[in-house]
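Asker: Just so you know, the sequences run in chain order Z and U.
Quick note: the first sequence uses my numbering, first residue 1, plus one each step.
Quick note: the second sequence uses my numbering, first residue 206, plus one each step.
Treat the hints with care, since some could be wrong.
Said to hold, decoys possible - If we take Cβ atoms under 8 Å as the criterion, some of the chain U residues that face chain Z in the derived model are:
hint: 1; residue: 402
hint: 2; residue: 434
hint: 3; residue: 455
Hints are computed from structural coordinates only; laboratory data are not their basis.
For each residue, glycine too, the CB sits at the ideal point set by N, CA and C.
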Amino acid sequence: MEPLVKHRGIAALMPRINVDTDQIIPKQFMKRTEKCGYGKYLFSNWKYREDGTLNLDFELNREEFKGASILVAGDNFGCGSSREHAPWAISDYGFRVIVSTSFADIFFSNCFKNGILPVTVTAEALKSLSDEIEATPGVSFDVDVEKQELVTPGGTVIPYELDGFRKESLMKGMDDIDRTLKHTDKIYIFEEKQNLKTPWLWKAM
Amino acid sequence: MGQNMYEKIWDAHVIHENTGQTPIVYVDRHLMHEVTSPQAFSGLREKSRKIRRPDFCLATMDHVVPTKDRDKPLADAVARNQLETLASNCKEFGVRCFDMTSEKQGVIHVIAPEQGFVHPGMIVVCGDSHTATHGAFGSLAFGIGTSEVEHVMATQSLQQKRSKTMRVTFEGRLTDGVSAKDLALALIGRIGTAGGTGYVMEFAGDTVGDLSMEGRMTLCNMAIEAGARAGMVAPDEKTVAYLKGREFAPRDREFDQAAAYWNTFTSDEDAVFDTELIIRADEIAPQVTWGTSPEQVTDVTGCVPHPDRQKSDDARKACENALEYMGLEPGTPVTDITIDYVFIGSCTNGRIEDFREAAAMIHGGKVHPNVTAIVVPGSGLVKKQAEEEGLHKLFLEAGFEWREPGCSMCLAMNDDVLQPGQRCASTSNRNFEGRQGQGGRTHLVSPAMAAAAAIAGKFTDIR
Chain Z
1 MEPLVKHRGI AALMPRINVD TDQIIPKQFM KRTEKCGYGK YLFSNWKYRE
51 DGTLNLDFEL NREEFKGASI LVAGDNFGCG SSREHAPWAI SDYGFRVIVS
101 TSFADIFFSN CFKNGILPVT VTAEALKSLS DEIEATPGVS FDVDVEKQEL
151 VTPGGTVIPY ELDGFRKESL MKGMDDIDRT LKHTDKIYIF EEKQNLKTPW
201 LWKAM
Chain U
206 MGQNMYEKIW DAHVIHENTG QTPIVYVDRH LMHEVTSPQA FSGLREKSRK
256 IRRPDFCLAT MDHVVPTKDR DKPLADAVAR NQLETLASNC KEFGVRCFDM
306 TSEKQGVIHV IAPEQGFVHP GMIVVCGDSH TATHGAFGSL AFGIGTSEVE
356 HVMATQSLQQ KRSKTMRVTF EGRLTDGVSA KDLALALIGR IGTAGGTGYV
406 MEFAGDTVGD LSMEGRMTLC NMAIEAGARA GMVAPDEKTV AYLKGREFAP
456 RDREFDQAAA YWNTFTSDED AVFDTELIIR ADEIAPQVTW GTSPEQVTDV
506 TGCVPHPDRQ KSDDARKACE NALEYMGLEP GTPVTDITID YVFIGSCTNG
556 RIEDFREAAA MIHGGKVHPN VTAIVVPGSG LVKKQAEEEG LHKLFLEAGF
606 EWREPGCSMC LAMNDDVLQP GQRCASTSNR NFEGRQGQGG RTHLVSPAMA
656 AAAAIAGKFT DIR
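Bound conformation, chain U alone:
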């Protein structure tokens, strides 16, 4: 019987396995940021431990960094301390860190691929659930807690149980105006936020093959919102072409050797998955969430649902709570929902392709007078490239703000925060209560949908 991709990567990383004991697997790449690492560094220090492979680590500052006025000292003293702590920890333990003075700084899940730091067949971890993003490269990438961050630092390994595997096959051509973000939201709408619990998902099918690396990253990034531990896409010629020439990719003859090795990490034709799901991608419309969980989502042509029509008591209660929090009436067409704010960015949609798609929706229009719209590049290099392409001018002329890179309003740990009651079209990944600011109301959409909403002041069907 053949093996699937997850099984191949897993088998290539088992260090120790005994019946009745949780296996120990090796970790090839450890990504770090300021929020979930300080307690792990302290733990190492208390036990006089070192980082086993500092050269396998990459750190940056993203969660709490300001996206404007970087020349001024950070007013939030607690956040400033967190950033200074990361810088001094990295210095002490010998970890490479792209700080705010570096052009390479940005959201960790944007900069690591950009630097060619993640390759097919690797196990990649980070104290951040959206580590799933890196599965786009055919790696097994997942988020871990801070205790595990310390464990990886000290041992370059993790005690991990095997996951079940689910293959999600998307078939058919995406209609214009529909993107990887819509695929992800439609999937979550279908299986729910616990639908993937216990699973690692492989995304397959011609639709996924046609996606760019950026699109695949968006899709894998959202696997965690479907409850999956990780999402992954088999490496192919796009993966190899993306990695070639990047800072931490192998070079010359070694690159070809590596590429041949990478290409072995695809599921065999007779591979078996614990669960299989096939979705017609050509039938998917642009998606908009209406509630406070990513599974509370509908087509842009749909309406806010009635709690009474939910499939269970729990879902009815959750729907009622969500509608109250979101300030929405059942039966309201999505295209009647007006917005106050637009956020374009994040580890889900903060890459160059996302900004191209968003900018293409402007068509010389202006941001609606009732709307504040911010565009936050995922990294300094994304920002630079967008500026070289002149995208920033399109945004600025239309009345969008063009900011410095960081997580920004995806989780609002810096000053980019919604006021209570404000409603935001956001390209991020979570619409949880208070995620973008206490009382703030988040609707998850694709970059093109967000840009179009900024101009119209409400959601529109961009097809």
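Isolated chain Z, as found in the complex:
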């Protein structure tokens, strides 16, 4: 996983609430057994019209948002299905940071497993960021993971919360499994205790 420490990138605006993972990556692309190559299917049902041509009314198709790596979206982003294909598609498309007033729980934790930073901001902050993007489409924001700050050229500084554990994972690009395996002894101890307390769970099934 590519570490994320400081990031500067074009911010794309997607002023919609309740963007669900079925829209982020429609199910017809979930039959593959790989982790890569989902970027071209991101928001496929919105990106293209029924006849297969590009839907120019869709936000991410705006010329100014080409090459964007920060996505600014409405409340409750990533709701619905637990599919990790959603963050795979977002990351493969080139986004590293998503800003919203809230994220669905499973999507939120899936982001960190894929080096994506979800930034939760207040409704006022979202409005101010949205206004700045609308006023100067194609504007770039700076995101500092260490300092936990998002800074805009307009001078807005938005601090955000970030769990220490997840911060370290992001900044070092760490593998969670390796980290847990360091506690293998504790897993063994837990299992021995559980076997004594609830032996029926441990009968050969």
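Given chain Z's structure and the hints, the job is docking chain U onto it.
Answerer: Below, chain U without anything else, positioned relative to chain Z:
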């Protein structure tokens, strides 16, 4: 101070916890299916890792399986590859898998309870958001992403933050024609699809106590649509009776020991929740969604709303988009909405009780000539039981199709797909744009409401 159910289960599973670090909790049951597992198995293979407790895993094929013509090879080569990959992965890593040749195959959230695989007090995970279903048994059950699936495979544990807790108490007797599905939709209509974000919900109150295990599963299943990580119901005598004699439930003297242990996982009387919500269940009418989010829902006696009367700018915009997608005019009475399709099934409503309730609405009628109606059992065993009870005959005689088990039109990853513009009364859980097929329009309802709509060709108040 007493503890609530979530706190008790959590405390019983913490392996490691240090200040400033995300706790690691043990996982008792890991459920798998073909769509979210292949990349996790590949990850294990790349690092030469094994599954720590293959005996704690149960896999099946449900998302992409066909619901008819099973004797013919699957035409969709990508889907076929996904199914073959699951079969070979399970073989290689020693995981029990109910494939399409097994009578026990079905939707993972229908078959795991059916097999007695999930017990009160457990932590249960699956790479599927509707894992919340299993909370009906007094377990803490939640969906995870594929990275976490790999993590659980390798370590039998998860790095998890504690959730906040919300108790939703339903009080009063449900009116005839109102079911657990209506409770869930009414709740989501009230608090919104982000209302439960960050929370685990405990469903309590006499209404929930009166629900069957099937009804409780429906309610917990939809907790995720309210944004909650999990939904749960305290174990009681119904839970214990349901589990007795099932394949993976303990037996004999050990069953009694287990039952005594299970019964400790109820919230103490003085337990405290971060949020409490009380809802009068006897005032709830059959629910019908009109939009593209489960929170866009109204009573069957209601009308399609006006965007201008929404409570925020965002909601107004979302309402406008939804009405355009759904092809509906504001002010249209719900009972004037005609339908083209009916889907009865899914992890929400694909159990025996759901089919009994649906079949009871037929009254010798026929499926409306403009409507295609399919009934998809949640598992091979549900199908068998329904056939033993003669329910399939009622459906078939009325003109419903009686299919093989799978997720089917809940997410339309197989051939069961709506055509653009087609409107469906569906017993599934999500009415997102394109969920049942690109351009397809989904209205979420209970099984009885769906069956009645199939006959009438439009929504009717079944009370």
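Asker: Which hint numbers does the structure go against, in order from smallest to largest?
Answerer: none
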